[in-house]
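In order, the protein sequences belong to chains E and Z.
Reading the first sequence from the start, the letters are residues 121 to 335 in our numbering.
Reading the second sequence from the start, the letters are residues 16 to 335 in our numbering.
The set of hints was computed from the structure by calculation and includes no laboratory data.
Keep in mind that a hint or two might mislead.
[Said to hold, decoys possible] Ranges of calculated distance between the beta carbons of each label pair, as one might list FRET restraints: (1) Z:67 x E:143: 16 to 26 Å; (2) E:126 x Z:124: 38 to 48 Å; (3) E:132 x Z:124: 22 to 32 Å; (4) Z:34 x E:238: 57 to 67 Å; (5) E:238 x Z:30: 34 to 44 Å; (6) Z:34 x E:232: 54 to 64 Å; (7) Z:124 x E:293: 19 to 29 Å; (8) E:129 x Z:141: 45 to 55 Å; (9) Z:94 x E:129: 16 to 26 Å; (10) Z:279 x E:173: 19 to 29 Å.
Since this is a predicted model, take the numbers as computed values, not measurements.
We treat Cβ as the ideally placed atom computed from N, Cα and C, and that holds for glycine.
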Amino acid sequence: MNVLLDYFPEFRDGFIGTVSITAVSTAIALVLGVVIAGFRVSPVPPLRWFGTAWVTLLRNTPLTLLFLVTTFVVPEILFPGMSAFVLGSLALGFYTSSFVCEAVRSGINTVPLGQAEAARSLGMTFSQTLRLIVLPQATRTVLPPMSSILIALTKNSAIAGAFSVTELFGWQKLLSEEGYDIVPIFLWVSLAYLAVTFTISGIFRILERRLEVAR
Amino acid sequence: MSASVLFDAPGPKAIVRNRVYAVLGTATILGLLAVMIVRLSEKGHLAPEMWDIFNYAGIRQNIADAVLATLKAFGIAAVGSLVLGVLLAVARLSDHKPVRWLATGFIELFRSIPLLITIYAVWVGFLTDYSMWALAVGLSVYNGCVQAEVLRAGVNSVPRGQREAAYALGMSKTQVMATVLMPQAVRAMLPTIISQLVVTLKDTSLGFIILYPELLQTARLIASNTQVNGMYPYVSTIVVIGAIYVAMCMALSAFATWIEKRGRRAKTGIGTAAAAEPAAAGAVLGGEAGQAAGNTVIMGGPGGGDGASGGNGAGGGPGN
């Protein structure tokens, strides 16, 4: 208890940091993931190859390596002095986008064949079929894996703390370096993460119930 | 649904349009790559001297040691997580309520806490001087919980008749679990188990943060201790070490996919799960664990099958 009260402002900043890096990289991951999933099923071969390469590469790269890349390589390419928060959310967002893409793609695979065939026979183009017919129906099956992916993203955001982003792991590190006992620190940090992950799974449960249809 | 269902067989106009998109897309991707390369070489990161450092015997020795260190931590964690996974799965399926609750609590707690937090706590709290063991213990605990859930899903997917027949033959609970259920569960879940081992291998990179001299930590040490042309060779080191990592992980992923395809060919026994990572699915909280674990497998099914038969996967890794 003491640990938390003595360092409450830092804890609060860490918590806000975890939530905000999760939110920003979720946005990046969702947008990129859906776009790349679209690439992977598109009629244009180079885009398909690009999507496949993107997913294969990012899924087989350790996240810590991506953080190193964004810390040391990306500022050299873009411009020096980018904030750790931006770089961290880029790494997390890109990494997670490959998982989002795969979830969306297998969601697309679960939409009954007849739907796309009907859309095509109405004369819809590829992007219309995907946007108006297939993706909306895929949403329902994509939600449960998406919830797990976002929870994994929240947990992965701890690594950002090691790359000088203000978040909960940073707080744990700070306090253990101050010489506090690790057990209570560990418990408080775990509780904070549990709060975030429970919120995410709660939101998704509500969404799932909303989108549920009687068949 | 395979990708080709989403669009008609292209006619003359569509072929032209697709070609235009193809050229534009390729040009954009190549353009971005070119910008990256130009920017990097402007700053001197692509100078030959930067890459020459990998010709030094010392640095090569460092990298070889680092690969060994990574594999050592991975080996211990793999064995540890599998042993712990079997124990926890059996405990969670136990008939005794306290054992079941304990196992459930343990699994849910450690699965929902970031791995890094666990590793760091183990390192600071118990094994300050043994970073390899801290890393291996942290990895074993977390991945053991995930493997336990995978195995539990496997055991639950074994047809009821198997268990009933075994009991009818007069086998004890231990015998049923050890000789009838577990072997079939392991066989069905082998691709998923190996995919989780890929995750374990990737997560050994967290040793970077607790200063265990594995690949990434070595990369940082090499880069920050060598000076070439007045600069630190971060870019070249990261590229080389990254390639080693990606190669190791892809080899193990390919193994998982191979096992999955091999299992699909077999006509006997229950179907093989997709080589999807349950950890990509991450921690699932509370009561919905079993349901979500089931989802992972179901979701993996069509994607994996599609990759195998539809041919649009183009080696793009397992579904889900």
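So which hints don't hold here, by number, going up?
1, 2, 4, 5, 6, 8 and 9
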